[in-house]
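Novice: Here are the chains, one letter per residue:
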Amino acid sequence: MIRLAFRNLFQNRTRLAISVGGVSLALLLILALDAIFTGVERQTTAFIDNSGADIFVAQKDVRNMHMASSSLPVTAIDEVKAIEGVEEVTAILYTGNMIVVGEERTLAYIIGLPEDAEMGVPWKIASGKEIPEAGEAIIDERVAQKSGIEIGDTVEILAREFKVVGFSEETTNIVNSIAFISASDFQAQRGNSGVVSYLLVRVKPGVGIEAVVSRIEQEVDGVTALPRASFSGQEARVVKDMSTDVLAIMNSIGVLIGLAVMALTVYTAVLSRRREFGVLKALGARNGHLYQAVLAQALMSVLLGFTIGLAFTLLISAVIPRLGLSMTLEISRASLIKVGIVSLVITAFSAILPIRQIAGLDPAIVFRGK
Amino acid sequence: MTTSTLQIDHVTKRYGAGDTEVTAVRDVSLSVKPGEIVLIMGPSGSGKTTLLSMLGALLKPTDGEIHLNGAVISALAENRLPDIRLKQFGFVFQDFNLLSALTALENVSIVAELAGNKAAAARQKAASILTELGLGERLNFLPEKLSGGEKQRVAIARALINDPALILADEPTANLDSKIGHEIMRLLRRIAKEQGRSVVIVSHDQRIKDIADRVLWLEDGEFKETVTMAIDPVCGMSVEREKAISVEWDGKVYSFCAQGCRDEFVNDPQKFIVAVS
Numbered sequence: 001m002i003r004l005a006f007r008n009l010f011q012n013r014t015r016l017a018i019s020v021g022g023v024s025l026a027l028l029l030i031l032a033l034d035a036i037f038t039g040v041e042r043q044t045t046a047f048i049d050n051s052g053a054d055i056f057v058a059q060k061d062v063r064n065m066h067m068a069s070s071s072l073p074v075t076a077i078d079e080v081k082a083i084e085g086v087e088e089v090t091a092i093l094y095t096g097n098m099i100v101v102g103e104e105r106t107l108a109y110i111i112g113l114p115e116d117a118e119m120g121v122p123w124k125i126a127s128g129k130e131i132p133e134a135g136e137a138i139i140d141e142r143v144a145q146k147s148g149i150e151i152g153d154t155v156e157i158l159a160r161e162f163k164v165v166g167f168s169e170e171t172t173n174i175v176n177s178i179a180f181i182s183a184s185d186f187q188a189q190r191g192n193s194g195v196v197s198y199l200l201v202r203v204k205p206g207v208g209i210e211a212v213v214s215r216i217e218q219e220v221d222g223v224t225a226l227p228r229a230s231f232s233g234q235e236a237r238v239v240k241d242m243s244t245d246v247l248a249i250m251n252s253i254g255v256l257i258g259l260a261v262m263a264l265t266v267y268t269a270v271l272s273r274r275r276e277f278g279v280l281k282a283l284g285a286r287n288g289h290l291y292q293a294v295l296a297q298a299l300m301s302v303l304l305g306f307t308i309g310l311a312f313t314l315l316i317s318a319v320i321p322r323l324g325l326s327m328t329l330e331i332s333r334a335s336l337i338k339v340g341i342v343s344l345v346i347t348a349f350s351a352i353l354p355i356r357q358i359a360g361l362d363p364a365i366v367f368r369g370k
Numbered sequence: 371m372t373t374s375t376l377q378i379d380h381v382t383k384r385y386g387a388g389d390t391e392v393t394a395v396r397d398v399s400l401s402v403k404p405g406e407i408v409l410i411m412g413p414s415g416s417g418k419t420t421l422l423s424m425l426g427a428l429l430k431p432t433d434g435e436i437h438l439n440g441a442v443i444s445a446l447a448e449n450r451l452p453d454i455r456l457k458q459f460g461f462v463f464q465d466f467n468l469l470s471a472l473t474a475l476e477n478v479s480i481v482a483e484l485a486g487n488k489a490a491a492a493r494q495k496a497a498s499i500l501t502e503l504g505l506g507e508r509l510n511f512l513p514e515k516l517s518g519g520e521k522q523r524v525a526i527a528r529a530l531i532n533d534p535a536l537i538l539a540d541e542p543t544a545n546l547d548s549k550i551g552h553e554i555m556r557l558l559r560r561i562a563k564e565q566g567r568s569v570v571i572v573s574h575d576q577r578i579k580d581i582a583d584r585v586l587w588l589e590d591g592e593f594k595e596t597v598t599m600a601i602d603p604v605c606g607m608s609v610e611r612e613k614a615i616s617v618e619w620d621g622k623v624y625s626f627c628a629q630g631c632r633d634e635f636v637n638d639p640q641k642f643i644v645a646v647s
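Chains H and D, in that order, give the protein sequences. Residue 260 in the working numbering sits at position 260 of the first sequence, with consecutive numbering throughout. When you read off a place in the second sequence, starting at 1, and then add 370, the result is the number in the working numbering.
Rather than coming from a laboratory, the hints here were simulated on the basis of the structure. Keep in mind that this is a model prediction, so the values were computed, not measured. A portion of the hints provided could be inaccurate.
[To be verified] Below, simulated SDA-like cross-link-like pairs (lysine to any residue); rule was C-alpha separation at most 25 Å, straight line: (1) K488(D) with R286(H); (2) K204(H) with W123(H); (3) K488(D) with G360(H); (4) K549(D) with G506(D); (5) K430(D) with I365(H); (6) K457(D) with R3(H); (7) K457(D) with R275(H); (8) K430(D) with G360(H).
Could you put together the complete structure from these sequences and hints?
Specialist: Next up, the structure:
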């Protein structure tokens with residue numbers, strides 16, 4: 001029956017192209033959207049993931065950076081440093097602002113770094129310095145390319161001019177970018193010298209991160225401490241929460257398109273072979289045999305569609321970075337599992353009507369010349 | 371104890387009820403022996419298709435019983451009939467009814483696979499039967515690449531693959547020219563006689579009478595006339611025993627198409643008796 005399904009599927013190339021094309025388009029929609037949002041999540045958490053910190057300490061009840069504001073007294077730096085198991089602390093300043101070049105304005109998170117920062121610095125430098133000094137800024141390479149900025153040019157950040165001394169990589173996402181300036185400049189511009197935004201903590205080798213997190217929260221007033229992975233997870237969740245509805249709607253559209261195309265093509269395929277299925281029934285095939293053939297045919301179409309959809313998504317994810325777009329596509333395992341399940345659902349539902357057709361088929365049709 | 375492959379006793383099939391009730395087959399009885407070829411003829415609407423459907427376990431009679439090799443198949447539950455059709459019957463159809471996406475070999479082997487044979491064994495058996503039927507060079511051809519006669523031979527191979535006791539043929543020559551149609555009928559006769567399989571044919575084609583052992587005329591759902599066919603021992607023509615000129619010789623009745631053949635036979639019976647036997 002599997003062979004019959006295979007032959008039936010490939011005999012009518014036009015129908016095959018429509019069904020596989022429709023399914024691959026629908027699954028491509030789902031996969032690509034997932035990949036975009038996974039990419040956005042990854043980009044959004046890139047600073048945290050690459051900060052080098054084991055623990056992020058923020059103002060009490062602040063658990064992420066995106067669209068959040070954290071303010072800690074500078075005294076917290078020494079208090080955290082004094083906690084057993086803490087090896088190093090880097091205090092950073094953080095706010096959302098713009099990188100302005102002439103008329104070009106790019107949304108950016110501004111990170112103020114101390115001169116001796118060991119954590120939170122740009123993790124990948126395309127060219128120039130790694131840590132900015134007073135009056136200097138490090139901006140993302142793509143922002144620089146877009147604005148026509150070279151090393152040594154000036155940009156406006158926090159309403160003052162900075163000399164660009166380095167270009168970072170992987171610090172731009174679909175929404176905004178990251179710019180690094182010195183902590184002293186940051187404080188001077190914002191006029192809040194007694195506070196920092198976050199403390200990036202590295203623990204001593206062999207010390208449990210969770211234990212240090214507990215000690216920080218117990219011994220330092222007004223702070224929330226989270227392991228880096230948890231802090232990153234919270235950041236990703238904010239993005240996810242914002243995109244869930246969009247994803248759900250687009251995924252539903254994808255499922256409906258796939259289902260409609262598959263249901264129609266499998267149904268017409270079975271209808272066109274109604275007599276042949278009747279012949280098989282007359283010869284002694286059981287309904288179960290015929291259901292197998294229909295399901296196998298639907299499954300093969302969906303698997304082909306899935307493969308083509310995945311191949312196109314991989315192609316798009318490889319091409320997009322080369323186009324200079326501030327977007328990366330990442331296909332996650334969860335997304336593959338989800339699309340796999342969607343594919344199986346499409347297979348099952350598209351086969352329901354044809355199976356009902358076959359179940360009701362009278363094998364005596366073969367003697368009636370219909 | 372029966373010696374018949376197929377035995378139908380007082381079978382009736384009615385459709386509908388009350389004012390709209392139609393009796394398609396009315397109190398029909400028939401017995402078909404192993405190796406016997408029975409031809410059922412009759413006008414359109416006479417009940418041939420309904421009778422054939424009942425014989426093939428595709429339709430249950432309203433009354434009466436159908437026995438196959440002594441077992442009552444008309445009383446079997448619906449879910450047991452596919453197995454009976456698969457293993458006990460071979461079907462040959464007017465339109466060949468081959469699966470268009472499968473090759474000749476696959477069209478035959480799929481039926482063996484349905485009966486539980488492994489794919490390799492099924493293909494081997496299918497290839498052997500097709501080769502025997504002269505299609506050894508056409509095994510991997512799709513039906514669209516085969517002539518009408520070749521398609522019907524594939525259909526016959528498919529009918530034979532599970533060694534059925536009974537072959538049911540519905541207008542097997544209707545879509546074939548006379549030469550090919552005759553070849554197909556001779557093939558069916560050879561299968562019946564050499565392999566001892568019973569063959570029931572429903573057809574309008576008068577030429578099929580030549581190969582039949584018995585011809586039944588179905589009209590208004592009833593057998594009106596039974597014609598027993600015999601071969602003229604002199605010229606080899608098929609003749610209706612009841613209407614033919616006949617001669618009794620050595621305790622056996624011989625039938626002839628014409629007086630000339632009869633006279634030739636009477637002059638030297640021994641010469642022709644060997645040919646008949």
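Novice: None of the hints should be skipped; say for each whether it holds.
Specialist: Now the hints, each set against the structure:
For the suggested pair K488(D) and R286(H), the alpha carbons sit about 17 Å apart, so the restraint of at most 25 Å is met. With a C-alpha separation of about 21 Å, the suggested pairing of K204(H) with W123(H) holds against the 25 Å cut-off. Simply put, K488(D) and G360(H) have alpha-carbon atoms about 29 Å apart, too far for the 25 Å limit, and the pair is violated. Restraint check for K549(D) and G506(D): the C-alpha separation of about 21 Å stays at or below 25 Å, so the hint holds.
The straight-line distance between the Cα atoms of K430(D) and I365(H) is roughly 15 Å, inside the 25 Å bound, and the hint therefore holds. With a C-alpha separation of about 22 Å, the suggested pairing of K457(D) with R3(H) holds against the 25 Å cut-off. As the CA atoms of K457(D) and R275(H) are separated by approximately 21 Å, the hinted pair is consistent with the 25 Å bound. The straight-line distance between the Cα atoms of K430(D) and G360(H) is roughly 16 Å, inside the 25 Å bound, and the hint therefore holds.
In terms of the numbered hints stated before, the structure departs from hint 3 and from no other.
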